[in-house]
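Respectively, the protein sequence lines represent chains A and B.
Counting along the first sequence from 1, when you hit position 409 you're at 409 in my numbering, and nothing is skipped either side.
Counting along the second sequence from 1, when you hit position 94 you're at 1094 in my numbering, and nothing is skipped either side.
Derived by calculation from the structure, the hints in this document are not laboratory data.
Take the hints with a grain of salt, since some may be wrong.
[Claimed, not checked] No more than 35 Å apart at the CA atoms, straight line, and that leaves these computed lysine-lysine pairs for DSBU-like:
#1 345(A) <-> 1042(B)
#2 71(A) <-> 695(A)
#3 200(A) <-> 59(A)
#4 7(A) <-> 25(A)
#5 345(A) <-> 580(A)
#6 1222(B) <-> 580(A)
[What the hints assert, rightly or not] Examples of chain A residues lying across from chain B (beta carbon under 8 Å, computed):
#7 170
#8 351
#9 352
#10 456
#11 576
#12 577
#13 578
#14 580
#15 713
All values derive from a computational prediction rather than experimental measurement.
Built from N, CA and C at the ideal position, the CB exists for glycine as well.
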Amino acid sequence: MSTDSVKRAEATPDEQLPFAELGMKRDEYDRVRDILGRRPTSSELAIYSVMWSEHCSYKSSKVHLKQFATKAPESDALLVGMGENAGVVDIGDGWAATFKIESHNSPSYVEPHQGAATGVGGIVRDIMSMGARPIAVMDSLRLGGADQADTRRVLPGVVQGISHYGNCLGLPNIGGEVVFDPCYIGNPLVNALCVGLLRKDQIKLATAPGPGNKVVLFGAATGPDGIGGASVLASATFEEESAAKRPAVQVGDPFMEKLLIECCLELYAADVVVGIQDLGAAGVSCATTELAAKGTGGMNVDLNLVPLRDPSLSPEEILMSESQERMMAIVRPDDIAAFMAICEKWDVPATVIGEVTDTGRLVMTWNGEVIVDIPPGTAADDGPVYERPYHEPSGQAALNADTPDRLPRPSDLRATLLRLLGSPNLASKEWVTSQFDRYVRSNTVLAQPADAGMLRISEDIAGGVPTTRGIALSVDGNGRYARLDPYAGAQLALAEAYRNVAVTGARPLAVTNCLNFGSPEDPEVMWQFAEAVRGLADACRTLGVPVTGGNVSFYNQTGSTPINPTPVVGVLGVINDVSKRVPTGFTGEGLRVALLGETRPEFGGSEWAHVEHSHLGGLPPQADLEAEQALARVLVEAAARGLLEGSHDLSDGGLAIALAESCLARGVGATVTVTGDPFTELFSESAARALVAVKPEAFEALAGLCSEHEVPCSGLGVTGGSSLVVEGVLEVPVAELRETHEGTLPALFG
Amino acid sequence: MSAARVGVVTFPGTLDDQDAARAVRLVGGEAVPLWHADRDLKGVDAIFLPGGFSYGDYLRCGAISRFAPVMEEIVPAARAGLPVLGTCNGFQILCEAHLLPGALTRNASLHYICRDQRVRIETAGTAWTNSYEAGQEITLPIKHGEGRYVADPETLAELEATGRVVVRYVGGNPNGSLNDIAGVSNEAGNVVGLMPHPEHAVEELVGARSTDGLGFFTSILKKLVDA
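Using the sequences plus the hints, can you model the full thing?
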């Protein structure tokens, strides 16, 4: 068995390499040949094929994503923007927060438990690599129909995976979404979000500066995980042996990740890290090329030094392995002893595998032969960029013309409320969330079913100072809205997350996003993507919240049928005094209930149309961003002035569902009156609305604040009693609401 | 008099150590970090074994931790009367170390469960519950996958007869524990283990939004002052 060295590649210029099997196009391969001035070695091909994959290079999305930068609003808060492992935001008093959401969709379909678990692990390492302590996770889950057989395989597995991994890491799970829709049956979406905390002056970056500095690989040993592609290479280039079937999905070890977290934080505190990068997709290939490209520019690595779990791995497989719980650090030679001592304390294996150079080349050796010699930036940054063609889907006009106006309106609104409240998408998600630890670290101020998760800023971080501040986070999306109008749908996802943060009293500050779509090679899907990105970028500018980073997940489709376009948006906010947070729902008796915002007859893509008529058509609710902004100002100021006893955003299912959930929060009933058409008032999904509960003596101040910001404010009634009463329309005991709301998921999933 | 010093042990994979230390400080005690690999109790007056997944819970919850160097100091000290409280994984470790009888097995539902749980303090006679009244009901968070308490019939009968069931679940048994047992003590009452987390119920702002768990921490301080 011979190594395909650079020397050999030069000697055998015409040898064919299996680039197509690695997902590389002929012209991409030719570009690699141009860059190198020869054919690549098989190891070099391994690197280019993964680094230029859609997943790593964003080759189809790049031209659109740049709008997040060109349209970015002025913001004093942004410390690190897109392009790093995660964005970093200034939250005041010397503190910074870093957060990001990432997809792990396809692995979670293949193997739900490990797929979802390693999704959590990957995003947590992204946050760690910014120099932060990860402090919480959230997840946005989309599955096939709740009654579809495969959903009973995927959902329990995904929940167990997140539960096992996240709980074992000691990170509170403070919120997220669970949505069922048949369009996700073969393509469940598992989007995991992590938020971390650090001091503003402690930010770490993925860079390898300083010739002579050491490259240290630490954490788990490298095994044959997630390297299906590499075995193609190995078997094609060589005769046999390494061609054994390799698992496509990685297996996580949360215990090692917990050790890595504590180990990294101690390394940061000791100031022995110059640059750091986590190993995720594309493993060693990605970490070495990106670190070198962003640093002095060169790096020498001896691949024989990489600790292996399976000694039979070929260099190509080592380069492509996606084994979990690994990090790569750049360390000054004088600090190596201190670095190793800290790793040893935490039982984290660490190995020097190379050093930084000023040659401008990434050079790797195997058994003494040079097998990689490339300019690292060509792999990390200069991947192909595609302007994929796109056009409006042929059925789009007909879809938009088929409005819900033709659907019969219900006569029994009580029955409608109960059917919606018990439908899988609106039913209680406690079956899921009770499997997640929301208490660990004792900083959780709000967790689901609250509108947003909220954490106080604890000073237990090196250099930390006490602060009254807290952060709030919400993650939202609506694939049906986006299907009807991807531009508005993306804006509505942002608006909902923004509103969910504001109803808790926190000021929305920054955005992360996970864009889940079908194949970019389908011009109709590409149109959905282009429209969604344009809508989101425009809305971020209007609302003054910059995108700090995120992730694109393409190819979520079965055959030629894509999922509903599903932009999922996370918003992070800050509250100056966390003790002023507003709990979700009715927190006591005798409070006045008010509806803020304007209600229009908007039923396109609504839960009512979905649950009662399986209808999807027309246009989604109007995304009125000025109204969202005004509403948020009212909510944040009212919270700061202590006017609000409870609040709840209006979204899926409209006012009726918001009222029911508000009653369920603490088991407090309410009696309210609606004016106008009761069906529209109760079930429309007009955006930019929220429900608040205030002490009677605070109502006038609230109304004044609303008129100052031109936000409609209607007094609906009062809290109290053991039923939800809409005068002259419906009356349901809270106990019946609870039974309906909480029974659905346990009945479906055990 | 200087503050009572409560050692909080960190094993690899321990998660609730910061929380326990914060609770100790909240009631005026000094929290002293103890490291699993050190055979050194630093002269503490009491010990808290927090929750988590020590050593990844590999093999069996608590099975590896019981062999940690720090446990070689804790076990004889506890037998000699040093107050020790283990919550969740700490309870599992105390059972594995045979400082407490019985074992914690997989929840009957086979699911990890996190919720606010109503419990009854059955005895105020231990070092860790003397701030409560016997029969007092409080709410504490539970969060575990393996909290189903089991013991042989003789042991159970003895625990019940001698008032060593310290905390019992009420309003629904979350995990299938025999006799609804949430926590037990040793004969002397200085060693207590329980699945619920009093350290997550010490501040109105966070966690279970109640201070029902503070009693465990005020109890040990009172015990140490009285001693």
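Here's how the hints hold up against the structure:
no., hint, result
1, 345(A) <-> 1042(B), "holds (19 Å)"
2, 71(A) <-> 695(A), "violated (42 Å)"
3, 200(A) <-> 59(A), "holds (32 Å)"
4, 7(A) <-> 25(A), "holds (25 Å)"
5, 345(A) <-> 580(A), "violated (41 Å)"
6, 1222(B) <-> 580(A), "holds (33 Å)"
7, 170, "holds (3 Å)"
8, 351, "violated (20 Å)"
9, 352, "violated (23 Å)"
10, 456, "holds (6 Å)"
11, 576, "violated (15 Å)"
12, 577, "violated (11 Å)"
13, 578, "holds (7 Å)"
14, 580, "violated (11 Å)"
15, 713, "violated (29 Å)"
When held up to the earlier numbered hints, the structure conflicts with 2, 5, 8, 9, 11, 12, 14, 15 and fits the remainder.
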